[in-house]
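Q: Sequence:
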Amino acid sequence: MMPTTANRRPAAAPRLPLPDERAAGTVARKAPSRPTEPLSRAGADILRIVSDPRTPVFVTEHANGRRIYGYWRPLDAGSGRGGCYVALSRAECDALHAAGRITLGEPVADPAKTTYRVRPARTAPAAARTTSVPVRTPVAPVTRGLSVAPAARCA
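Here the sequence shown is numbered in numbering that gives the first Met the number 0, starting from 0 and rising by one per residue.
Warning: the hint list may mix true and false statements.
Said to hold, decoys possible - For each label pair, taking beta carbons as the anchor points, the in silico distance ranges come out as:
id	residue 1	residue 2	range
1	L74	P106	28 to 34 Å
2	A139	S78	53 to 59 Å
3	R80	K112	27 to 33 Å
4	P110	A41	28 to 34 Å
5	H61	C83	16 to 22 Å
6	P106	A43	26 to 32 Å
It is worth saying that the hints were derived from the structure and are not from the lab. For glycine and all other residues, C-beta sits at the position ideal for the given N, C-alpha and C.
Please model the entire structure based on the sequences and the hints provided.
A: Right, here's the structure in full:
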């Protein structure tokens, strides 16, 4: 009997390199200052979520190589929605990581999985950025001792 495709296990996704697994003699690659290609709508949404400091995003890599990117969506009292764990697109998140748009924090490992905090990549400030100089406008000097007319009395 021929095995069906439903019984087959999916191929394991390639493992993300850990920050401390650099091979000896390799040079750390600097993240590109400008993206080489524009983000997709889903990529832009994921980057917006990752950039929000109120929404901690994590990636969990299981022992079998499966990765899950996600965050906790708190309950919104007004709409009654939320209070659940939201998974993000692995393909989009991996593309953002490969492009240098997001970085992984320190690993928290246990025997079955490793979890990393996902953060937006810091961009280096532009070296030749011109700063504007504040312009001071002269103000007439304030003189003391001016007499002010007394307020009208109510009868």
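Q: Under the constraints set out in the numbered hints, which ones does this structure not fulfil?
A: none
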